[in-house]
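Go by the hints and put chain B onto chain A.
Note that the protein sequences, when read in sequence, are chains A and B. Note that the working numbering has the first sequence beginning at 674, numbered continuously upward. Note that the working numbering has the second sequence beginning at 674, numbered continuously upward.
The hints are simulated quantities; they were obtained by calculation from the structure and are not laboratory data. Note that the Cβ used here is the ideal one computed from N, Cα and C, for glycine as well. A portion of the hints provided could be inaccurate.
[To be verified] Simulated DEER-style distance windows between Cβ atoms:
| id | chain 1 | residue 1 | chain 2 | residue 2 | range |
| --- | --- | --- | --- | --- | --- |
| 1 | A | Asp731 | B | Lys796 | 32 to 38 Å |
| 2 | A | Glu776 | B | Arg747 | 27 to 33 Å |
| 3 | B | Leu724 | A | Glu776 | 45 to 51 Å |
| 4 | B | Lys808 | A | Lys727 | 32 to 38 Å |
| 5 | A | Tyr723 | B | Lys793 | 24 to 30 Å |
| 6 | A | Glu815 | B | Lys796 | 33 to 39 Å |
| 7 | A | Val855 | B | Glu815 | 44 to 50 Å |
| 8 | B | Lys793 | A | Ala863 | 31 to 37 Å |
| 9 | A | Asp719 | B | Leu724 | 38 to 44 Å |
| 10 | A | Gly757 | B | Arg688 | 54 to 60 Å |
| 11 | B | Glu797 | A | Lys727 | 27 to 33 Å |
[Stated by the list, open to error] In silico BS3-like pairs for lysine-lysine, Cα to Cα no more than 30 Å straight-line:
| id | chain 1 | residue 1 | chain 2 | residue 2 |
| --- | --- | --- | --- | --- |
| 12 | A | Lys727 | A | Lys686 |
| 13 | A | Lys852 | A | Lys701 |
| 14 | B | Lys802 | A | Lys802 |
| 15 | B | Lys729 | A | Lys700 |
| 16 | A | Lys700 | B | Lys802 |
| 17 | B | Lys793 | A | Lys707 |
| 18 | B | Lys796 | B | Lys696 |
| 19 | B | Lys700 | B | Lys802 |
| 20 | B | Lys796 | B | Lys700 |
| 21 | B | Lys729 | A | Lys793 |
| 22 | A | Lys796 | B | Lys727 |
| 23 | A | Lys802 | B | Lys727 |
| 24 | A | Lys700 | A | Lys686 |
| 25 | B | Lys793 | B | Lys696 |
| 26 | B | Lys727 | A | Lys701 |
| 27 | B | Lys852 | A | Lys729 |
| 28 | B | Lys727 | B | Lys696 |
| 29 | A | Lys852 | B | Lys793 |
| 30 | A | Lys686 | A | Lys762 |
| 31 | B | Lys852 | A | Lys796 |
| 32 | A | Lys727 | A | Lys700 |
| 33 | B | Lys762 | A | Lys793 |
| 34 | A | Lys802 | A | Lys762 |
| 35 | B | Lys793 | A | Lys802 |
| 36 | A | Lys727 | A | Lys793 |
| 37 | B | Lys696 | A | Lys793 |
| 38 | A | Lys808 | B | Lys852 |
There are 2 protein chains.
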Amino acid sequence: MVEAVKQKGNNEKRRRILDGALKAFAKKGFYNTKVSEIASEAGVADGTIYLYFKNKDDLLISLFEDRMEWIIERLSSEMEQTDGGFAEKLALFIRLHFMLVLENQDLAEFITVELRQSAKFVKEYSNPKFGDYLKMLQGLLEQAQQAGELRQELDARLVSRAIFGALDEVLLQLSLSTKLDVAEVERRTAMLSDMFIGGLAP
Amino acid sequence: MVEAVKQKGNNEKRRRILDGALKAFAKKGFYNTKVSEIASEAGVADGTIYLYFKNKDDLLISLFEDRMEWIIERLSSEMEQTDGGFAEKLALFIRLHFMLVLENQDLAEFITVELRQSAKFVKEYSNPKFGDYLKMLQGLLEQAQQAGELRQELDARLVSRAIFGALDEVLLQLSLSTKLDVAEVERRTAMLSDMFIGGLAP
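Okay, chain A solo, but in the shape it has when bound:
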């Protein structure tokens, strides 16, 4: 019982540090943020951070994993609720990707900008959560291929990577933008869905 309470307290503190890190990174960027500034945002002592995380790179990776879990869970649950065909599902996937910028601009900027500034993240980390995200998109494409809704000769793995790249670049643009609204997100969703489903040719 005491252990369970302690565990709960620990988890809450860990969560507070992660939330504080996201706020601090959004204000000053990953490289310019000091661990003491994260502690201050989280309302914990500087040394406490090191009870939970080895260093700033480790904190960044943990923050990414935590938020990706949330993103993937939300995507799965929304996708499951759609009865529509491939076109509708892809549009939903794209919309949810872009909506992140309206729901949580700090998180959108963290994923498209701050994350890439960690050499450890980009070059050394195997990134299983990003793998899960890509597999979800690839699964959607393979299902559509089986249903005859997608060209058979397409390499679902390569195409899922290309679609991710396009969405990520547009999300980066959105997350650095100052004027944002649902209409703009919808406009971009429609244009990218049309491009991927029907192509650029008339």
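Showing chain B alone in chain A's frame:
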């Protein structure tokens, strides 16, 4: 005359430092590379670097601008020589983007990995060369729209950004890959061209 010789010597030294930086970044990554290691690769004294560049971020941006100029010139001259329609031109654009990894893997990795690790580059630098690159792609799309080869309702600016994102992500994958050949580059070029021109639907 003496000034011209001196100028030429300066340019050569600057070029040697840029070449050395590319090699050093490829070996140890942007963050782990010391200025003294760049000097050693370039065959100049450590202090010489600071006669040409303010700091490592400044060197990274100069290296990017120098190489982008070369990439843009090559793209322009190859695109001008093609009589084909939009589909052919877009395929050529994609092929040239991917071929970078076979022609110069260090440069491909620099552009897709190292560059993003500079906070200054990502958040503060206005990046006119990348603007030129995007404008070239956007111009290609607008020309095709005027010729009726591209759907009229598409936003050429947004689409050029999305295409760039897709190509960049696939180039990143290629540049971190260990087995690479022309056939693989051609396979990816064909698949992405087909996807953009004709869409994913059968």
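Checked hints:
no.: 1; hint: A:Asp731 x B:Lys796: 32 to 38 Å; verdict: violated, 23 Å
no.: 2; hint: A:Glu776 x B:Arg747: 27 to 33 Å; verdict: violated, 42 Å
no.: 3; hint: B:Leu724 x A:Glu776: 45 to 51 Å; verdict: holds, 49 Å
no.: 4; hint: B:Lys808 x A:Lys727: 32 to 38 Å; verdict: violated, 44 Å
no.: 5; hint: A:Tyr723 x B:Lys793: 24 to 30 Å; verdict: holds, 28 Å
no.: 6; hint: A:Glu815 x B:Lys796: 33 to 39 Å; verdict: holds, 38 Å
no.: 7; hint: A:Val855 x B:Glu815: 44 to 50 Å; verdict: violated, 28 Å
no.: 8; hint: B:Lys793 x A:Ala863: 31 to 37 Å; verdict: holds, 35 Å
no.: 9; hint: A:Asp719 x B:Leu724: 38 to 44 Å; verdict: holds, 40 Å
no.: 10; hint: A:Gly757 x B:Arg688: 54 to 60 Å; verdict: holds, 56 Å
no.: 11; hint: B:Glu797 x A:Lys727: 27 to 33 Å; verdict: holds, 29 Å
no.: 12; hint: A:Lys727 x A:Lys686; verdict: holds, 15 Å
no.: 13; hint: A:Lys852 x A:Lys701; verdict: holds, 21 Å
no.: 14; hint: B:Lys802 x A:Lys802; verdict: violated, 33 Å
no.: 15; hint: B:Lys729 x A:Lys700; verdict: holds, 23 Å
no.: 16; hint: A:Lys700 x B:Lys802; verdict: holds, 27 Å
no.: 17; hint: B:Lys793 x A:Lys707; verdict: holds, 17 Å
no.: 18; hint: B:Lys796 x B:Lys696; verdict: holds, 25 Å
no.: 19; hint: B:Lys700 x B:Lys802; verdict: holds, 25 Å
no.: 20; hint: B:Lys796 x B:Lys700; verdict: holds, 25 Å
no.: 21; hint: B:Lys729 x A:Lys793; verdict: holds, 19 Å
no.: 22; hint: A:Lys796 x B:Lys727; verdict: holds, 27 Å
no.: 23; hint: A:Lys802 x B:Lys727; verdict: violated, 38 Å
no.: 24; hint: A:Lys700 x A:Lys686; verdict: holds, 21 Å
no.: 25; hint: B:Lys793 x B:Lys696; verdict: holds, 21 Å
no.: 26; hint: B:Lys727 x A:Lys701; verdict: holds, 22 Å
no.: 27; hint: B:Lys852 x A:Lys729; verdict: violated, 33 Å
no.: 28; hint: B:Lys727 x B:Lys696; verdict: holds, 19 Å
no.: 29; hint: A:Lys852 x B:Lys793; verdict: holds, 23 Å
no.: 30; hint: A:Lys686 x A:Lys762; verdict: violated, 37 Å
no.: 31; hint: B:Lys852 x A:Lys796; verdict: holds, 18 Å
no.: 32; hint: A:Lys727 x A:Lys700; verdict: holds, 22 Å
no.: 33; hint: B:Lys762 x A:Lys793; verdict: violated, 38 Å
no.: 34; hint: A:Lys802 x A:Lys762; verdict: holds, 21 Å
no.: 35; hint: B:Lys793 x A:Lys802; verdict: holds, 28 Å
no.: 36; hint: A:Lys727 x A:Lys793; verdict: holds, 13 Å
no.: 37; hint: B:Lys696 x A:Lys793; verdict: holds, 19 Å
no.: 38; hint: A:Lys808 x B:Lys852; verdict: holds, 22 Å
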